[in-house]
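The residues making up each chain are set out below.
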Amino acid sequence: MKTLITLNINGDAREIYIDARRSLLDILRDELALMGAHRGCDSGDCGACTVIVNGQPVTSCMMLAADWNGAEILTVEGMAKDGQLHPIQRALVEKGGIQCGFCTPGFVMNIKALLDENPKPTEAEARAWLAGNLCRCTGYAKIIEAVMSVAEESA
Amino acid sequence: MTDALIGQRVPKLDAPSKAAGKTIYGHDVRLPGMLHGRILYSRYAHAKIIRMDTSRAEKLRGVKCVLTPKDNPPHRFGYGKDNKPFKDIARSLRDEIAGVVATDADIAEEALSLIEVDYELLPNIFSPREALSEGALLIHPEHKSNLFQRYNYSHGDLAQGESESAVVVEEKFLLPYVSHVCMETSVVVAQFDHRDHLTLWSTTQIPFLLQRDLSEALGIPGSNVRIIQTAVGGAFGRGLDIYPYEPIAALMSRKTGQPVRVAFSREEEFLAGPARQPAEVTVRAGAKADGTLTFRDASCMLDIGAYVSWGTVTPLVMMETTASLYQVPHARFTADCVYTNNLITGAMRGYGNPQSTFFIETLMDRLAEALKMDPVNFRIMNANVPNSETPQGLVITSCGLKECLEAVAASADSARMNVYPERSRRNEGGRLVLSEVEGMTVTANIKPSPFNLQPPHIKRGIGFASTLNVGGGARIYRSDGCGATVKVDDFGHVTLVTGSTEIGQGSETALAQIVAQTLGVKIENITVLNSDTDIKPWDVGVHASRTTFIAGNAAYLAAVDARNQIFETAAQLLGVGVDQLSASAGQVTVRDEAGKSISLEQVARRRHFKEGGKVILGEGWYDPPTQLVDKDTYKGNISAAYGFGAQMAEVEVDIETGKVRVLRLACANDVGHAINPMAVEGQIEGGAQMGLGYALTEELIVKDGKVLNPDLLDYRLFTSADMPIIETRIIETDDPGGPFGAKGVGEMGGTPTAAAIANAIYDAVGVRMTQLPMTPERVLAALDEKEKRARV
Chain A
1 MKTLITLNIN GDAREIYIDA RRSLLDILRD ELALMGAHRG CDSGDCGACT
51 VIVNGQPVTS CMMLAADWNG AEILTVEGMA KDGQLHPIQR ALVEKGGIQC
101 GFCTPGFVMN IKALLDENPK PTEAEARAWL AGNLCRCTGY AKIIEAVMSV
151 AEESA
Chain B
1 MTDALIGQRV PKLDAPSKAA GKTIYGHDVR LPGMLHGRIL YSRYAHAKII
51 RMDTSRAEKL RGVKCVLTPK DNPPHRFGYG KDNKPFKDIA RSLRDEIAGV
101 VATDADIAEE ALSLIEVDYE LLPNIFSPRE ALSEGALLIH PEHKSNLFQR
151 YNYSHGDLAQ GESESAVVVE EKFLLPYVSH VCMETSVVVA QFDHRDHLTL
201 WSTTQIPFLL QRDLSEALGI PGSNVRIIQT AVGGAFGRGL DIYPYEPIAA
251 LMSRKTGQPV RVAFSREEEF LAGPARQPAE VTVRAGAKAD GTLTFRDASC
301 MLDIGAYVSW GTVTPLVMME TTASLYQVPH ARFTADCVYT NNLITGAMRG
351 YGNPQSTFFI ETLMDRLAEA LKMDPVNFRI MNANVPNSET PQGLVITSCG
401 LKECLEAVAA SADSARMNVY PERSRRNEGG RLVLSEVEGM TVTANIKPSP
451 FNLQPPHIKR GIGFASTLNV GGGARIYRSD GCGATVKVDD FGHVTLVTGS
501 TEIGQGSETA LAQIVAQTLG VKIENITVLN SDTDIKPWDV GVHASRTTFI
551 AGNAAYLAAV DARNQIFETA AQLLGVGVDQ LSASAGQVTV RDEAGKSISL
601 EQVARRRHFK EGGKVILGEG WYDPPTQLVD KDTYKGNISA AYGFGAQMAE
651 VEVDIETGKV RVLRLACAND VGHAINPMAV EGQIEGGAQM GLGYALTEEL
701 IVKDGKVLNP DLLDYRLFTS ADMPIIETRI IETDDPGGPF GAKGVGEMGG
751 TPTAAAIANA IYDAVGVRMT QLPMTPERVL AALDEKEKRA RV
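Quick mapping for you: the protein sequence lines, in order, are chains A and B. The letter at position 30 of the first sequence is residue 30 when you use this note's numbering, and the numbering goes up by one with no holes. The letter at position 573 of the second sequence is residue 573 when you use this note's numbering, and the numbering goes up by one with no holes.
Worth double-checking, as some hints may not be accurate.
As the list claims (entries may be wrong) - The calculated DSS-like cross-link candidates involving lysine-lysine, where the alpha carbons are at most 30 Å apart (straight line), are:
hint: 1; chain 1: A; residue 1: K2; chain 2: B; residue 2: K59
hint: 2; chain 1: B; residue 1: K59; chain 2: B; residue 2: K48
hint: 3; chain 1: B; residue 1: K288; chain 2: B; residue 2: K522
hint: 4; chain 1: B; residue 1: K706; chain 2: A; residue 2: K81
hint: 5; chain 1: B; residue 1: K22; chain 2: B; residue 2: K487
hint: 6; chain 1: B; residue 1: K522; chain 2: A; residue 2: K81
hint: 7; chain 1: B; residue 1: K703; chain 2: B; residue 2: K659
hint: 8; chain 1: B; residue 1: K255; chain 2: B; residue 2: K70
hint: 9; chain 1: A; residue 1: K120; chain 2: B; residue 2: K22
hint: 10; chain 1: B; residue 1: K70; chain 2: B; residue 2: K659
hint: 11; chain 1: B; residue 1: K81; chain 2: B; residue 2: K288
hint: 12; chain 1: B; residue 1: K614; chain 2: B; residue 2: K596
Simulated from the structure, these hints should not be mistaken for lab results.
Same shape as in the complex, but just chain A:
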């Protein structure tokens, strides 16, 4: 049983027939070849699949794509503009917040959601907001440093 839906992804309207049982993450990765959102657990625990749907950060593995007909979706692939990394992405690169990088796209999206909501977070606020994104390489120190530097720059 397939359903026709339209997802507005990174500014493009994508009309697609989907299996109604599929998660948004399945559709992004397997149907639309947007591989930036990663599957780390498939149960909403690790945050590697975080994307922004209608302005809210969500773990895309936990959402049925069929429920989001017409939604505005921003994925990590939509963050760079004119070939330039978004300041959040650049800060993660320059501050050393990326090692294996598997968690990075989820962090990029959740940091964007944080700074959209709270452009000048305290370090404690940033740490609490990002507690749903697991990283096994960096100990988070340089990720948090990157967040604080972006918040500082935009001030």
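Since the structure of chain A is provided, determine the placement of chain B on it from the hints.
Just chain B now, with coordinates in the frame of chain A:
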């Protein structure tokens, strides 16, 4: 050194692509016609498969084939040659007994449930003690014993050591199963081509050993096996072995004639992936009244599970901590590696060292306490020193252990202001002096903060621990080498092809810095190729914190070879001697003759655009001057350099809940010379995250061979909100054998953490924690026990 790339905080070369979401990981590999494989695991921990009916599974629409033990090649594989792809006797709940290939993973999963299996149950053995008992059922009858291996090391004379001791302490420790929890689960794509050659896209850390292991497992020539490493989403030792799913994927591809992908779910990763082996340890140690260490005696029982892996070699490292961390005149170490029907165990970051450092450093603290000595001073007076050889045969070249301890002690001083206001140190013009520690000149510029009044149920404490880690390779295979080539092209662009592997740790960038520095080019002008066994020269693999040292030396040698070729041609073109030349900013210049120079690209072109021309292609092979340890005495110099580190943990213990909160972890590490300080800090900070988890939250709870918490909610990693302040101090000792003085740092970050925290808990509330992780329940139980003893 005009470009001075060494020591710069160069961002990782692969980071922009990762930040953009464009990097291709194993999970992202898609090939035309690719099928999906799923694996059926045994329902029982020890059972004989007496009947298997796959007919219903085969009939499911979309299923291409079902594989069973009948599809096994006749060869065993693995470190102990005790494993097969599919088992007809299951020895653990993670034993693969069948596999399905289908057009999608869901169909394959559904088909697994249609396979009918009849089992004949065999007695289970879940405890290593029971496995070693008289008449115990043999888990691998061909091995004649459930004891796979016994390590028995000693130096000096224990009895003498004991008789010289003014204090002797003894303790038993229990160490848990923990998991790597790489953010990317295990995944493989296998494809046989028309020549019957196998290509495997893999998350391995040991491509060349895997090439050999797979050829043995499948019974095909190694020359027909090509391993391509995708970007790896975390490894930490997980990729240090062949696992059954790899030959299984290959068998699936061969049977279907199409590429097959096998990707683990997170639950499968916890259930079927390797874990750090749990251990029971008894340790005794002694010291003289003046604080000199006299002896150590440790005996360990390791549950290695149903099949052995390289993880069985971890006692070599535990032995090293026991015998050689600090100067120990008399030592004994024994370890039994025992088969059980539990889950398989393997190599994990630190490779035995987090375990042994926990028990050794806890006893160091007990000795200091018994001697009424400052824990830092006690450690410094027994510390390893540069240019020495330990009784075990470790040749220590550079050594900054004392400096590491001093650095964290300085950090501790500010912590102590909060912990013991009544004991705060003399304040000399804003600089605090550790007056208690005689002869120490550690000072720190800190702001003496007012004593922070805590509620009475919150107790603060600080604790210390050190670590000794191989930092110049570790010869556990007959070669510890790595090959490299450096090519300079017509545009002055440089390509380093290295045998070593990027697993996220940043080796690609460190190696590029070494080559760029040597050739005098910008980092942007370097491309590193490191992922394909058909292209790159041999390397033993990413383990033992060896890459910067070993692959760094190989890359340096290849770059010097290329530079010699460049200078040879440039000298002819410029009409000067080779010894007058230097390379910088993409130019070869003549020293002392301003303006006389030629660009690298011109040299490259002029070198080959002629009759009898040559390309610029340097090669390097580096195998360190080390030894395999003696198979009977276990003595020998296993590494060409040793890294050292120390940590100070400042904790709060809630005596009502037993909850331990780490406020601060100060980490000092002797890394020889930091090629890239940002990457070094990253290794230490990331290692600390694992060490904190090992200390306080992480444990695979295993009952009757079954993992009870195979998910990320119940297996608790430290999150960004849980992390303490991590202070990192890099201590540089310029190792004579390392590239630009560097030593390895990859594993040290998490090694002393559990001991430092345990010692801080004791400092706070007076209980010795001897079981990891130190959960609130265990801390409360220890506090209750202490109270009971006080009442008696």
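To see whether the hints hold, each was checked on the structure:
Taking the CA atoms of K2(A) and K59(B), the gap is near 24 Å; set against the 30 Å cutoff, the hint holds. For a cut-off of 30 Å, the pair hint linking K59(B) to K48(B) stands: about 26 Å separates their Cα positions. This hinted pair does not check out: K288(B) and K522(B) have alpha carbons roughly 56 Å apart, beyond 30 Å. Of the supplied pair hints, the one linking K706(B) and K81(A) is violated, its CA atoms being roughly 49 Å apart against a limit of 30 Å.
Among the hinted pairs, K22(B) with K487(B) is consistent with the structure: their alpha-carbon atoms are about 27 Å apart, no more than 30 Å. Distance restraint check for K522(B) and K81(A): the Cα-Cα separation of roughly 26 Å lies within the 30 Å cut-off, and the hinted pair is therefore satisfied. Proposed proximity of K703(B) and K659(B) is supported: the alpha carbons are some 25 Å apart, at most 30 Å. About 12 Å separates the Cα atoms of K255(B) and K70(B), which keeps this hinted pair within 30 Å; it holds.
Straight-line distance between C-alpha atoms of K120(A) and K22(B) comes to about 29 Å, which keeps the hinted pair within the 30 Å bound. The straight-line distance between the Cα atoms of K70(B) and K659(B) is roughly 52 Å, outside the 30 Å bound, and the hint therefore fails. The straight-line distance between the Cα atoms of K81(B) and K288(B) is roughly 47 Å, outside the 30 Å bound, and the hint therefore fails. Distance check on the hinted pair: K614(B) and K596(B) sit about 24 Å apart at the alpha-carbon level, within 30 Å; holds.
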